[in-house]
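> Protein chains in written order, with this note's numbering: chain D, 142 to 556; chain S, 785 to 1079.
It cannot be assumed that every hint is accurate.
[Said to hold, decoys possible] Under the rule of at most 27 Å between Cα atoms (straight-line distance), these lysine-lysine pairs were calculated in the DSS-like manner: (1) K1070(S) - K200(D); (2) K534(D) - K289(D); (3) K534(D) - K406(D); (4) K406(D) - K317(D); (5) K506(D) - K534(D); (6) K343(D) - K404(D); (7) K548(D) - K534(D); (8) K534(D) - K1070(S); (9) K426(D) - K1070(S).
Keep in mind that the hints were calculated from the coordinates and are not lab data.
Note that the coordinates shown come from a computational prediction; the quantities given were computed from them, not determined experimentally.
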Amino acid sequence: MMMQRFSASVMVAIAVLVSAACGGGGTSGSGSNVTFAAPVSQTGAFGQAEGLYTLQGYKFCVQTLNSKGGISFGGQSHKVNLVTEDDQSVAATSAQIVDQFNDQGDKLILSPYGSAGTTAVAPVVERNNQVMVDSNGADTAIFSHGYKSIFAVLSPSSSYVTSIIDALSALNPAPKTVAIIAASDGFSQHAAEQGVAEAKTKGITVVPSATAYTSSTKVTANTTDVSSALIAIKGTNPDVIIISAHLNEAVAAVKQSSELGVKPKDGFAATVAPPTPAFISALGKSSEGVFGSTQWVPEISASDSVFGSAHEFLTNFTNTYGWSSEQYPYQAADAAAGCEALALAIEKAGSADPAAVRTALVGLKADTFYGHIEFDSTGMNTAKPMYVIQIQKSAFVTIYPSNLATKQAIWPAVA
Amino acid sequence: MSQFLQAAAYGVVQGGLLGLVAVGFSLVWGVMNVVNFSHGALAVTGAYVAWVLNVRFGLDPFLAIPVVAIALFAFGYVVQRGLINLVINAPIFLTLLLTFGLNLVILNGLQLLFKADDRTIDTSYASQSFAIGAVNVPYGRLAACFLALGITVALALLMSRTRLGHAIGATGMDRGAARLMGIRARHIYAVTFGIAAALAGVAGTMIATVGSFNPTTTPGQLTLDAFVISVLGGLGNMYGALVGGLVLGIAESLGGLLLTGTWVNAIAMAVLIVTLIIRPSGLIGKALYSGRVEV
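Chain S with its partners taken away, still in its complex shape:
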């Protein structure tokens, strides 16, 4: 029983971290209909920024988060405005190819700058845990889970309570109508991509704090996780990524305990397939996004 509870607790905090990885990916896909294959690369870029700040200046990764977010927002804004926007009206496969190319450029750049070694941000607390009975809850992943929750709530409030959020939502639903209402779609798209890049950077900082990262294997895994979680949770709802992450985290953790660790990926895919059969728009996604008007 204690093993079951331990697996469930670990699954929840791991799920929060997965949700944090996916929230930006889901935002860009939902609003701009761009499947951003460079999402994992952006996350790893954020991880390197935080790692440099930690190694050079001794800055704690949690204190580095604002710096990482601002740097990645600026990078994301420029990339969208100057590059992705050029093909934003093209079929989804073209934007997919473009972001895949962007992914390769970023990763090769990182490899040149930092080599391909595994890195980690060493803190005295991230790998420690506190015990509730026989169940250990890791501080680092718990903090990442709360961060994911906070960011998701903030993002939901931004989307529902602010003019910027309404503009992002309107542009995502009907770009032509939004333009007629005086919304500068190009700017809104760049802001959206910038926010997503910032969130990816924050997620990368957390990955670097609780685990390790490198520019060769980590980005692909993060992009794949983000893709699965976004589809599982559903697009068009800011809580979709968090819910998807939690479901996946718990399913993998319990599945790994009940079967073996080698079944984890199969379990994740089984959960995704069953969910899509029952709810094609994802767990809490909105079907209206599939009927968007692209002008």
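Isolated chain D, as found in the complex:
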């Protein structure tokens, strides 16, 4: 009898211990891990720069979340596990990887780098009843399909060239003419289209014509030869050449313009590329004075309980990955914000169930180090503004909007 009681006590003790270890029924213990899955370019066209920055942003977010105990829901703290696979900068591969994630039971997705990859992944996420926070795919076309499970923390593609036009028109003297070179991908074309419309409202003439970005100044996405567009611009003598494209095209445009004697009177501006360390390392001194639109700058007055203030995010991130605080990749901030939004939605939902997380994302209103995050009915974070930097002495200097400017813009930007 005594022996039976002892055995029963041992069994109860074991059951309690196992229960505690598994988190069942506890109120402050550790719960099971939550998995965030992301197809991220580690090789190919984006692997050397934008994909790398995105991956570092995701890793930094997960590391920071876990260092603070993970995500709290159901009375427990849950550590976050990040699963990534290289999509080789191929959109179709991104989609395949997300399908594989679904097969493995990974329902919480963080987007790949770029609009092309995100466009390919979005219908797969919808079909599989996964949920995705998009950190680096800005093409508004992604949000025109009525998707219910795609949420973007970043400003849409329509803001990229328009913010540059707004910044340029605030300078003295404002440029009278601009030429716009646009890559053939949807994001770059849409950004250029909106930029042309904004230029018209600001009284700036687009040369050689308002539709040139769809024909003579349109170049293949990710090309390293934009000579055809520059030759088309030659003779029109624009005050500013704006490149609506990614890293390769922007680097080629600045380099080849002096080869072909295409010298804008006031300078160059570009989307995406200038606020990245790779742009400066590829162009050296030629990158000086180039303007670039960016999703995030550390000067914004924003903070949260995970990363602290925008400046603290910059310091901690650049220290972790060895970047200079004067050459920080904004794509990493996008990625960390996307990851944080997913974590906040899980906390709000009180569950990692994708349907509950989706519902929480619909109603999410969060002030973070990245700024305010709130999604409209299509899933876009349209309230967030974009910013403009200029490269000065190999540092990213915020010049627009003026209340965040740390220095005056060098203008004209070319000698």
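Starting from the structure of chain D, add chain S where the hints point.
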């Protein structure tokens, strides 16, 4: 009209640079019947050697060319002698696979050493240009074009006027007969591959001077360019790569102007297909190389 002239001028100098990229590839394919998939990787290796010499020692890329050429020649000689030669009698697909593997090893090694960042050799002159009327001619690409011309002429003289050139030509036409004449085919093949690697290195130095490079996207593009130009120009003639490069450069530049920049690759392929329909051996290639005797 000025835009047409500008596009034509740019096409010529760009074509010269493309010819420089392809000349070594064409030599190895013509002589050894090896489609060298590591050609772009060798070019990028040369670009890194020149970049290191420039960044560490301030050496101008044009002055770095002899160092790059010697380093790449030695590397190419050893690789051919110790690796490719092991399968030189195997079907072309095996050598193709081997050079593809070599390409991956070189590129991953470069990525470990230098990371995957875009690099450029910054000079005060390479991106500048001089104007003839409304037409700007870039110094860097013009120099590369002249370099391609000089190297092609030198290579043609080497092949036609020297014992080494005759030995390379003889080995390329009939390896068995060449051996019977006392030619050490293994050594000749290694020298040929070494020369091709050196030329790839020189081309890489020029690419780094007038543009930018990285170990992920640049090598594949260079190998593809070299392949298209070699087929277009034709094998068995030292001037084939230069002619092929010039034709492709001009076609792409004018095509980009008349249509849009997004049509450039389609134009290149159209030129290649039309040429092969009219002249299957390429623009100035020799058909005799297709009837080579492999022993």
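> Failing hints, ascending?
1, 2, 5, 8 and 9
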